[in-house]
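Trainee: Given chain A, work out where chain B should sit, using these hints.
Number of protein chains: 2
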Amino acid sequence: MNTLYEHSTLASLMAGNFDGTITLKDLLTHGSYGLGTFSGLDGEVIILDNEVYQATSSGKVNHITDMNTKLPFASVHFPKDLIELSPENADFNYVNQTLVKEQKLQNVFAAIQLKGSFPFLHTRIAPKQEKPYPSLLEVAQNQPEFTFEDLTGTIIGYYAPAIFGSVTASGWHLHFISDDHQIAGHVLDFKAENLSGNLEIFDTLQQHFPINDSDFRDSEVDLASVKEGIEKSEGSSNK
Amino acid sequence: MNTLYEHSTLASLMAGNFDGTITLKDLLTHGSYGLGTFSGLDGEVIILDNEVYQATSSGKVNHITDMNTKLPFASVHFPKDLIELSPENADFNYVNQTLVKEQKLQNVFAAIQLKGSFPFLHTRIAPKQEKPYPSLLEVAQNQPEFTFEDLTGTIIGYYAPAIFGSVTASGWHLHFISDDHQIAGHVLDFKAENLSGNLEIFDTLQQHFPINDSDFRDSEVDLASVKEGIEKSEGSSNK
Numbered sequence: 001m002n003t004l005y006e007h008s009t010l011a012s013l014m015a016g017n018f019d020g021t022i023t024l025k026d027l028l029t030h031g032s033y034g035l036g037t038f039s040g041l042d043g044e045v046i047i048l049d050n051e052v053y054q055a056t057s058s059g060k061v062n063h064i065t066d067m068n069t070k071l072p073f074a075s076v077h078f079p080k081d082l083i084e085l086s087p088e089n090a091d092f093n094y095v096n097q098t099l100v101k102e103q104k105l106q107n108v109f110a111a112i113q114l115k116g117s118f119p120f121l122h123t124r125i126a127p128k129q130e131k132p133y134p135s136l137l138e139v140a141q142n143q144p145e146f147t148f149e150d151l152t153g154t155i156i157g158y159y160a161p162a163i164f165g166s167v168t169a170s171g172w173h174l175h176f177i178s179d180d181h182q183i184a185g186h187v188l189d190f191k192a193e194n195l196s197g198n199l200e201i202f203d204t205l206q207q208h209f210p211i212n213d214s215d216f217r218d219s220e221v222d223l224a225s226v227k228e229g230i231e232k233s234e235g236s237s238n239k
Numbered sequence: 001m002n003t004l005y006e007h008s009t010l011a012s013l014m015a016g017n018f019d020g021t022i023t024l025k026d027l028l029t030h031g032s033y034g035l036g037t038f039s040g041l042d043g044e045v046i047i048l049d050n051e052v053y054q055a056t057s058s059g060k061v062n063h064i065t066d067m068n069t070k071l072p073f074a075s076v077h078f079p080k081d082l083i084e085l086s087p088e089n090a091d092f093n094y095v096n097q098t099l100v101k102e103q104k105l106q107n108v109f110a111a112i113q114l115k116g117s118f119p120f121l122h123t124r125i126a127p128k129q130e131k132p133y134p135s136l137l138e139v140a141q142n143q144p145e146f147t148f149e150d151l152t153g154t155i156i157g158y159y160a161p162a163i164f165g166s167v168t169a170s171g172w173h174l175h176f177i178s179d180d181h182q183i184a185g186h187v188l189d190f191k192a193e194n195l196s197g198n199l200e201i202f203d204t205l206q207q208h209f210p211i212n213d214s215d216f217r218d219s220e221v222d223l224a225s226v227k228e229g230i231e232k233s234e235g236s237s238n239k
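Chains as they are written, first to last, in this note's numbering: chain A, 1 to 239; chain B, 1 to 239.
Because the hints were derived from the structure by calculation, they are not lab data. There could be a bad hint or two in this list.
Because identical chains cannot be distinguished in the list, a pair is counted as satisfied if it fits within a single copy or across any two copies.
Unchecked claim - Straight-line Cα separation of at most 16 Å, EDC-like style, residue types lysine to aspartate or glutamate; simulated pairs:
#, residue 1, residue 2
1, K131, D81
2, K104, D215
3, K115, E102
4, K104, D66
5, K191, E88
6, K115, D49
7, K115, D150
Isolated chain A, as found in the complex (with noise of 0.2 Å):
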C-alpha cells in the first residue's frame, strides 16, 4: 500500500479555517516528507526525511523544532516503491505536461523529490494572516513574490486528479528549498539542470478531517466559489 495522507481539504482552507488543527509531532506520524502551511497560513512548509522548514513571506526559512506546532492544512508521505527520475534538464512544463503523459498520472495521486541546480526559480509565500481571517483568495491576491537565479536545491511535491480540485490542489502542488536551507517556498515557475530524483505513485488517499474543529464543522462551503477561488489563488501553479 502507497499511502499518501492529507490532513483537512483546500475548500476548508479557502473558507479562512486558518487555525491549526493538527501537530507537527501527529502529522509526522504519517509522513516524512511533505508539504502544508501553519497556522494563520503563516508561510510555505517543506518537510524533508523528518526535518521541518518554513519559508515565511520575509524571505527568510525557519529550521521549525517545537513539535506542538499546528497546521491547519497538510500533505506528507512516507517514500516507497520509488519510480527513478533523471531528467537531464527540465523546466515547470516538463513536471506539469510531460511526466504526467509519461507516468498516466491524470487519475492518480503522486509525489515527485527532485534535486539538481536550478538556474531559475520563482516563488510565492503566504504571509501571516491575523483573525479575523480573511479568505484564501483575499490572501492570496497580495502574496509576495521571489524571483532567483542558479540555486541548487530540492523541489518535493503532490499530483493531485482534476476530480480533487476542491479537496486539494489538483495537477502539480510543489514546494522548494535550497540545499543551504536558506531559500523555501511554493513553486510558481522553474528551469532546472542535472535534475535527479523520484516518482512515487499511491494507491491510497487517507484524507483526514478535522471533524472535532467547530469552525471546520460549520463552514458554509460554497462549491461554486471555492472553485473559482482555487483557480485564482493555487491556479499558477498547476498550469
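Mentor: Positioned in the frame of chain A, the structure of chain B alone reads:
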C-alpha cells in the same frame, strides 16, 4: 480513528469502467457494512454484518457467497462510536435535510443505518451491462424503478460532502434491504415508522484507487461532463 473505505471513484464509473477491480474478499477486510455494485454494473450491493446481498434489475435478490466476485466501486466500514438515532417517523427529507443539519454533516463523511417499518419505498436497480460498456449516464437514463408498500427492513448508506461530488455520490447514498432479504435496491424515496438505528461520523476517508487497472489509468476524465452525468445519474438520491 473512524474510517470509511472507498474503492475507485464515481468519475471512473461515469467513464464506463464497469469491470471489477476489487474482490469481495479484499473489500471485506476493510469493512463489514457497506454498498457498491458488481462487474458490469450488475445490480445494487448491500453488505450487512459481512453478509453480501445483490439486488438485480429483475427485482430478485441474491445472497453472494463467492468471495472472488469483483466490484468496480464500493464503500465499506467497520461500525464504531455509533450515535444512536430513533426518529419515530422519518422520510427521505428527514435524512437529507433534518439529519444533515442536526448533526452538522455538510463537511464530513458519515454512515447511517436505520431499521424499521417502511409504508412506502421507491428504489432503482442498475441493470447489468455488456461490453462495450456505455457511460454511467446512458445506463442511468434507463434503469428499472420499483415502488413498494408496507415493508420491514434496513437502510444503510453514506453521506459525502459536496466537494467530493465527483469522487463519490455527494449527499446521502442509500441502499435498502428487507428483513426477509427478498427486496433490495438503491433508495430514491421512502417513508418510515418506528425507526431505530445509528450514525457514525468519519474522521478518515481511505480512498483506494485501482492503479494497476489500465482502464482506470487511461480514462480521460472530462470534469464538466462528469458533473453533469453524476447529477443526472445519482442526483435523485441526493435531493
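Trainee: For every hint, state whether the structure bears it out.
Mentor: Consistency of the hints with the structure:
1. For the identical chains of this complex, K131 and D81 are neighbours neither inside a copy (43 Å) nor across copies (34 Å), given an alpha-carbon limit of 16 Å.
2. Taking the shortest alpha-carbon separations for K104 and D215, only the inter-copy value of 11 Å comes in at or below 16 Å, while the best intra-copy value is 37 Å.
3. In this homomeric assembly, K115 and E102 never come within 16 Å of each other (Cα to Cα): the closest approach is 20 Å inside a single copy and 50 Å across copies.
4. Taking the shortest alpha-carbon separations for K104 and D66, neither the intra-copy value of 39 Å nor the inter-copy value of 33 Å comes in at or below 16 Å.
5. For the identical chains of this complex, K191 and E88 are intra-copy neighbours only, at 11 Å inside a copy versus 65 Å across copies, given an alpha-carbon limit of 16 Å.
6. Only within a single protomer do K115 and D49 lie at most 16 Å apart by alpha-carbon distance; the minimum there is 14 Å, versus 50 Å between protomers.
7. Only within a single protomer do K115 and D150 lie at most 16 Å apart by alpha-carbon distance; the minimum there is 13 Å, versus 67 Å between protomers.
In summary, the structure is inconsistent with hints 1, 3, 4 from the numbered list given earlier, while agreeing with the others.
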